[in-house]
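K.L.:
Here is what each chain is made of, one letter per residue.
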Amino acid sequence: MKVKIFFFSPLRQILGLKETDIELPEGATVANLFEELSTRFGEPVKKYIFDGMTGRPRGYLLYQVGKKNQSTSYKIDTKLKDGEKLAIMSPPMGG
Amino acid sequence: MGNGYAGKILKIDLSRKDEISTDPLDMKFAKKFLGGKGFGAKLLYDLLPPKTDPYSPKNPIMYVTGPLTGTLAPCIRYCLVTKSPLTNTFNDTYAGGDFGQELKYAGYDVVIISGKAKKPVYLQIFDDDIQIKDAQHLWGLNTYEIYDVLKSEVNEKTAKVSCIGPAGENLVKFALVDCDLHRQAGRGGAGAVMGSKNLKAVVVRGTNGISVADYDRLEKEVQKISHDMGITDKFFAPKLQAGGTPAIVDFSNEEAVLPYKNFQDQTSDIAENLNDKGQRKSFWLREYGCFACPLHCSKIGMIKKGPYKGTVCDTVEYENVGLLGTNCAVGNVDALAYSQNLCDRLGLDAITTGNIVGFTMECFEKGIITKKDLGGLDLSFGNWKNMMELINMIAYRKGIGNILAEGVMRAAKKIGKGTENFAIHIKGLESPAWAPRGTPGVGLALMTADRGGCHQRSNPVGLEVFGLAWPGGYPTERVSIKGKPDLVIWEQHHYAALYSLLMCEIFSHAGITNESYASLFSAVTGWDATYSSLLSEYGERIWNITRMFNWREGFQREHDTVPPRFKEPLPSGPAKGHKFTDEDINKMLDEYYSKRGWDEQGKPTKEKLIELGLDSMASD
Chain V
0 MKVKIFFFSP
10 LRQILGLKET
20 DIELPEGATV
30 ANLFEELSTR
40 FGEPVKKYIF
50 DGMTGRPRGY
60 LLYQVGKKNQ
70 STSYKIDTKL
80 KDGEKLAIMS
90 PPMGG
Chain A
0 MGNGYAGKIL
10 KIDLSRKDEI
20 STDPLDMKFA
30 KKFLGGKGFG
40 AKLLYDLLPP
50 KTDPYSPKNP
60 IMYVTGPLTG
70 TLAPCIRYCL
80 VTKSPLTNTF
90 NDTYAGGDFG
100 QELKYAGYDV
110 VIISGKAKKP
120 VYLQIFDDDI
130 QIKDAQHLWG
140 LNTYEIYDVL
150 KSEVNEKTAK
160 VSCIGPAGEN
170 LVKFALVDCD
180 LHRQAGRGGA
190 GAVMGSKNLK
200 AVVVRGTNGI
210 SVADYDRLEK
220 EVQKISHDMG
230 ITDKFFAPKL
240 QAGGTPAIVD
250 FSNEEAVLPY
260 KNFQDQTSDI
270 AENLNDKGQR
280 KSFWLREYGC
290 FACPLHCSKI
300 GMIKKGPYKG
310 TVCDTVEYEN
320 VGLLGTNCAV
330 GNVDALAYSQ
340 NLCDRLGLDA
350 ITTGNIVGFT
360 MECFEKGIIT
370 KKDLGGLDLS
380 FGNWKNMMEL
390 INMIAYRKGI
400 GNILAEGVMR
410 AAKKIGKGTE
420 NFAIHIKGLE
430 SPAWAPRGTP
440 GVGLALMTAD
450 RGGCHQRSNP
460 VGLEVFGLAW
470 PGGYPTERVS
480 IKGKPDLVIW
490 EQHHYAALYS
500 LLMCEIFSHA
510 GITNESYASL
520 FSAVTGWDAT
530 YSSLLSEYGE
540 RIWNITRMFN
550 WREGFQREHD
560 TVPPRFKEPL
570 PSGPAKGHKF
580 TDEDINKMLD
590 EYYSKRGWDE
600 QGKPTKEKLI
610 ELGLDSMASD
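Protein sequences, first through last, are from chains V and A. Counting from 0, one number per residue, gives the positions in the first sequence under numbering that gives the first Met the number 0. Counting from 0, one number per residue, gives the positions in the second sequence under numbering that gives the first Met the number 0.
Derived by calculation from the structure, the hints in this document are not laboratory data. Honestly, I wouldn't trust all of these hints.
Claimed, not checked - In the DSSO-like style, the derived pairs of lysine-lysine whose C-alpha atoms are separated by at most 30 Å in a straight line are:
id, chain 1, residue 1, chain 2, residue 2
1, V, 80, A, 276
2, V, 78, A, 276
3, A, 370, A, 412
4, V, 74, A, 586
5, A, 16, A, 57
6, A, 594, A, 50
7, A, 586, A, 607
8, V, 1, A, 276
9, A, 578, V, 45
10, A, 223, V, 84
11, A, 57, A, 276
12, V, 17, V, 46
Working from the sequences, and respecting the hints, build out all of it.
P.N.:
Okay, structure coming up:
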C-alpha cells in the first residue's frame, strides 16, 4: 500500500522536500512508517522521529491530512490505510 | 510622527485628576527600543527609583503597544509593564485580543498610569477625550460582569475593556488584568498594581489610522506568512488552528516535561483526557482569534454536563492544563475548564493559581496542612470540587487563602515545616508547565528569565528534545548541559525582540519564518532590518536593561537557581533519573554570564552596557 507524507517545519527545511509517497506492506503501523522514513532519509529524520535515548517512535508528530478540526496524534501501533495522507510537523510550543 | 507609531505617550497621575498630559514620542527613542518590552523596560528603569514598593503610587503601570500594532501584521499583542508585587522584578505581561490595536487607534503608543485614586475609578480613553470616572459601583464585580456594564455605561459598543477582578481589588499578588473577556495579561501581578491604584478598568475607543511606509510590501509579506504556515493549503488544517495550545499536551506528556502532582513527576496517565481532543469532545463550540490573526488557535465553548453545565468558557490553554490540571491531578476536563473560567472571572493568574493549589495539595497529603486549616476542605490531589473553594478563598483572601494570596514563595516561608523544599518557584514566580528535569536548557532559561521562572523568555524544549540547531547555532543533546547557554542566549534575544514588536509566540511556532518578522517591521516603519539585526541590535540591548533593573533591585547570581525539587531525580519518563546538580547549575551560569559579558555575579559590565548604547546605566 502507499501513503502520502507531507513535511512541515522543521523537516521541510531540513530535507528541502514538501511531500513524498511511501510504499508499505499491508497492515503497516506508524512505527513501520517511521522505520521506512529513517531508512530512506537517514540520520536527520531518524533523529527527529525517534527518541535518541530510548528509541521510542514519536507518534505525536504525525497528523492526518484533510479532515477538518482533527488534531489527534497517532499512536505508534496505529495501523495505516492505503492512500492515507499524513503530515509530520513539530509540536507547537508556548501556551 | 514616524511610520508605524501613533506618535504620543499619554501620562496620567491618578492622585491628581488634573495631571493628564501627552508627550510626543521621541523617534530616536523609538528606533533604539522598538516598542512593547523595549519601551517598557527603558521607561520603567528611568521612571522608578530602585527598591520602590510595587504598591507605591510611584510604581507606574504602563499599557504599551508597538510599531506593528493596529496594522495588517498578524497576531500582535499589547503589554502591561510594571514592577511586580509578586517577585519585585521587572514585569512585562502580554495579552492578545484587540485592546492594544484600539489604544493605538486612539493615538497612543504608551499610556503611563501613576499615582493612586482616592476612591475606585476607571479610565476612559476615547481619542483625545480622556476622563477619570467614578467606579465605586463597579468595585466587587468580576471580570465578566464588568464588561457589559461598562460598555453600556460609556454608550460605545465597539469600545474595548481591560479590567481587574476581585483578586486585583484584594491585592492578591498574582492578580491578572483581563482584556476583552477572553484574553488575560496574567503573570506577575499587574492586576494587583492596578488594584493598589484603585483603578478598576480602562476602556478605550480609537478612530485614527496608522501610517505604514510600504503597504504593498506589508500586504505581500502577510500573504507569504499565511502560505508558510500552511493556512493557504486547501487540504490541510494546521494543527495549531485545529487544536490550539492543548495540542502540545501529547508531546509534553510523552517527553515528560508536563508537571504532575506539584512537579513530583513530569508525566501522567490523566493528561490524555485534557488534550485538544478531550476538550473538543467535551465543550468546544467555535474558534476564536485575536486581531488580524489567521490562526484562531483559541476556542469558545460551553460545558455540557455535570455541576458546571452551561458555563461558557474558553480553551483551557496548555499552561493551565499543566497547572490546574495535571499538577493538581485533576483529570476531569469539565472541572478543569471551570477552574480556568473561575480564575479568569476572579482575576487570578491561572498558572500561579494551579501551582499554588498543587503546593497546598502536597502540604495536605503530607499532613502539614489539615482539614481544620482549610475550613473543613479535603484537599487531596484530584479533589476538584474543593479546589474551586480554595480558588475562591485565595481571590477573597479568606482563611488560608490570605496566606496563599501572597504567592507560593511567601506562603511556604510562612507555613514552614520544610514546605520551602517543594514550593516550585524561581525568584518568586511560580514555575510554568514546562518541568525542566531532563531538559537543562529549559532550566537555565527559567533560572535567568527576567520576571522570575517564566517560559516566555526562552523555552528551548523543542530544540533540546529533538536535538535541532537554532538559527545560526548548532544541535545539542537533550540531557547534556553542553551548548545550552548559547541556545538560551539566542532565544532570550529572539523573544526580547519579538516581544518588543509584540508578536505572539504561539504564532511564532506555527511556521512563520524569522525573516518575516524583520520584513514586517521594515515594511511598516521603513527602517532596514534583518532577523539577525533585530536580535543583535534590539534583543540583546533590551535583555540587558531588564537585567540591570533586577540587579538594581538586589537580584544576583544566588537568585539564578532552581527550586530544590528539581535537584531530586526524575522518577519516570525518557529522562528518568535526571536532575539538576549544583555543579551543572554553576557551570551553565559561568558560561552564560561570560558569553553575555556579565561579571561572575551576573551584572552586565560597563563595557557591555556601553557597547549596547546603554551608557547612562553603566555607572549604576
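K.L.:
Keeping to a limit of 30 Å between CA atoms, is the pair of residue 223 of chain A and residue 84 of chain V held or broken?
P.N.:
Distance of about 24 Å is within 30 Å: holds.
K.L.:
Within a Cα-Cα threshold of 30 Å, do residue 594 of chain A and residue 50 of chain A meet the stated pairing?
P.N.:
28 Å, holds
K.L.:
Between residue 80 of chain V and residue 276 of chain A, is the straight-line Cα distance small enough, at 30 Å or below?
P.N.:
Distance of about 21 Å is within 30 Å: holds.
K.L.:
Given the hint that residue 17 of chain V pairs with residue 46 of chain V, does the C-alpha gap stay at or below 30 Å?
P.N.:
19 Å, holds
K.L.:
Hinted pair, alpha-carbon criterion (30 Å max): residue 578 of chain A, residue 45 of chain V. Please report holds or violated.
P.N.:
This hinted pair holds, its Cα atoms lying about 27 Å apart.
K.L.:
So if I understand the rule, the pair passes when the alpha-carbon distance is 30 Å or less; does residue 370 of chain A with residue 412 of chain A pass?
P.N.:
Distance ~20 Å between residue 370 of chain A and residue 412 of chain A Cα, so the pair holds.
K.L.:
Hinted pair, alpha-carbon criterion (30 Å max): residue 1 of chain V, residue 276 of chain A. Please report holds or violated.
P.N.:
27 Å, holds
K.L.:
Hey, residue 57 of chain A versus residue 276 of chain A, does the alpha-carbon distance stay inside 30 Å?
P.N.:
47 Å, violated
K.L.:
Residue 78 of chain V and residue 276 of chain A: Cα distance at most 30 Å?
P.N.:
19 Å, holds
K.L.:
Is the straight-line distance between the alpha-carbon of residue 16 of chain A and that of residue 57 of chain A 30 Å or less?
P.N.:
16 Å, holds
K.L.:
Please work out if residue 74 of chain V and residue 586 of chain A have their alpha carbons no farther apart than 30 Å.
P.N.:
The given pair, whose Cα atoms are some 39 Å apart, is violated under the 30 Å limit.
K.L.:
For the pair supplied as a hint, residue 586 of chain A and residue 607 of chain A, is the alpha-carbon distance within the 30 Å limit?
P.N.:
Measuring from Cα to Cα gives roughly 21 Å; hence the hint holds.
Hint check: violations occur at hints 4 and 11; the rest are consistent with the structure.
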